[in-house]
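Colleague: Each chain, letter by letter, is given below.
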Amino acid sequence: MEKSSFRKAFGKTLVEVATKNPNVVVLVADVSSSVMTNYFAEKFPERFFNLGIQEAGMVDTAVGFALAGMIPFVNTFAGLFLRTMEQIRTCVAYAKTNVKLIGGYAGVSDFKDGPTHHSIIDIATMRAMPNLTVVAPADAVEVKKLLPLVAEYDGPVYMRISRADTPVVFNDNHKVKIGKGVLVQDGNDVTLIGSGVMVYRCLKAAKILSKEGISCRVINIHTIKPLDASLIKESAEKTGAIVSVEEHSIIGGLGAAIAEALGNMYPVPLERVGIADTFAETALDFESLLDHYGMAVEDIIKSAKRAFERKKGKK
Amino acid sequence: MVSHSEKLINELNDMAKQLRIDALEMIHRRGQGHPGGSLSIAEIIAALFFHHLRIDPMRPDWEERDRFILSKGHACATLYAALAHRGFFPIEELTNWGHLNSRLQGHPDRLKTAGVEMTTGFLGHGLAIGAGLCLAARLKKMNYHTYVLLGDGECQSGILWEGALTAGKYRLSNLTAIVDYNDVQLDGPVHEIMPLEPFVEKWKAFSFAVIEINGHNMREILDSLDMALQIHTKPTAIIAHTTKGKGVSFMENKASWHGRAPNDEQFARAKAELLGR
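Taken in order, these protein sequences are the chains called A and B.
When you line the first sequence up against numbering that gives the first Met the number 0, it's residues 0 to 314, in that order.
When you line the second sequence up against numbering that gives the first Met the number 0, it's residues 0 to 276, in that order.
Isolated chain A (complex conformation):
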């Protein structure tokens, strides 16, 4: 599979978005060349604000821009947004300011820098904020498709961007809408619901499972909040068994959101693939870190089989 870079797609698309919309400004906390807002800085120096290592102050300054009718994109590592939670809660979410929070180096994609730099609870914390939309694109194409919608969206958004170069799942005809899940492939026995970089692993697992006679429906949830509950219910009704797959703690993330939705609407066996309430560690590469912490293709396959068996047992 062809690989491509989330962050490069982000950086380049941000320039396109800002070319069309003069109200877009970019704030960054000294990680411009890491999260690739440097393309923007070259093209629009007057709209680019590097505020140094002051993430909390940066979020509040972005709030000021938003109050004046501009569309600020606030950039730092996803894990570093944790130190701005009160700013986000009070001044962004509660005050409903049109601030776009871009969490780079999301999940464990900064494998080489270790758990301080990983971000495995960002979805849990952001998802708990009223008024905040939470977006996690599956590949570089989806970054390109979603970013203009995030800019146009009237309200605060948190968007997760991986540091990793990952296989491309979608082509340029891919259609996205904030709040709408994507049916990637249909199947009958179990539904794999993935988000972010795990979507391609879901597809890999589905391929192997089909050879073993288990037909998988694969759903991509790029908007974790608001969750596309109707697509999840439809999948539960159709396949009767679900596996959530995410590069995040199994507490509070996509799997938890799905469990909440199913519990309310249509309970079926659910298995959650993710990091099992632990910190990860440093590794030499991204893929083996995912594998080691319970997010291997093999883990998805095992979970799918378990969900499938549980469904049969229920009958």
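Derived by calculation from the structure, the hints in this document are not laboratory data.
All clues given are correct.
When the alpha-carbon atoms are kept at most 30 Å apart in a straight line, the in silico DSS-like pairs for lysine-lysine are as follows:
no., chain 1, residue 1, chain 2, residue 2
1, A, Lys224, B, Lys111
2, B, Lys139, A, Lys7
3, B, Lys140, A, Lys95
4, A, Lys42, B, Lys233
5, B, Lys168, A, Lys42
6, A, Lys19, B, Lys168
7, B, Lys139, A, Lys19
8, B, Lys168, A, Lys11
9, A, Lys42, B, Lys139
10, A, Lys144, B, Lys139
11, B, Lys168, A, Lys95
12, A, Lys42, B, Lys140
13, B, Lys139, A, Lys95
Position chain B against the provided structure of chain A, taking the given hints into account.
Modeller: Then chain B, alone, in the frame of chain A:
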């Protein structure tokens, strides 16, 4: 710089007195609120809302309006009273403060209350937000000025100084910070809990022009606000020396009156003092 007339000074002082009475009445009626810091900002709020700010109650969203952020949101009783007297909403609404379905929240809410520029309550945010407003004004080539009223206690928070760094870096001369330096916070004297001194030097070190005034002297307040508009190379910090609980003898300089409502008897005494009886 214009010299302000005696008439104006007297009118604004009368308004400050009215705001004190209203704020205290609101706090008393509700049985909740922050009298100390609401009383200490009465002259500053009167000067801003009844003379200095370019605002229009008929057009609260007027793009060219000056921006005012009450960073010390707990003192909102005085702000609400000023907004009501200025015509942003009916004065009778002040009696609904803090009730369910009221537009007047326990702390300012920009989405609910006309004239409230920004939602505040937890301390420390105002200056960095103000810096964003000023940077946006520069980009959009707009002439509004941004005023941020800070408590002294919140000057202990790191984020306040993050905002100050940003204002200094970009030389935001369209930003004026006003510090209500009453030297009393919830738990006791600021100079004991966490001293701010040398305070003037701190602001200067962060590239601010500094003006020190008596925050209860109307002429000094008006002059300092005018002076700040004449400084074109850097942001200004007006350090307003004030008295917490100003105007009510038994509340003055008492941390115990930071966040407690007076009972009937205390309110009657306070009101009589404020009315000069």
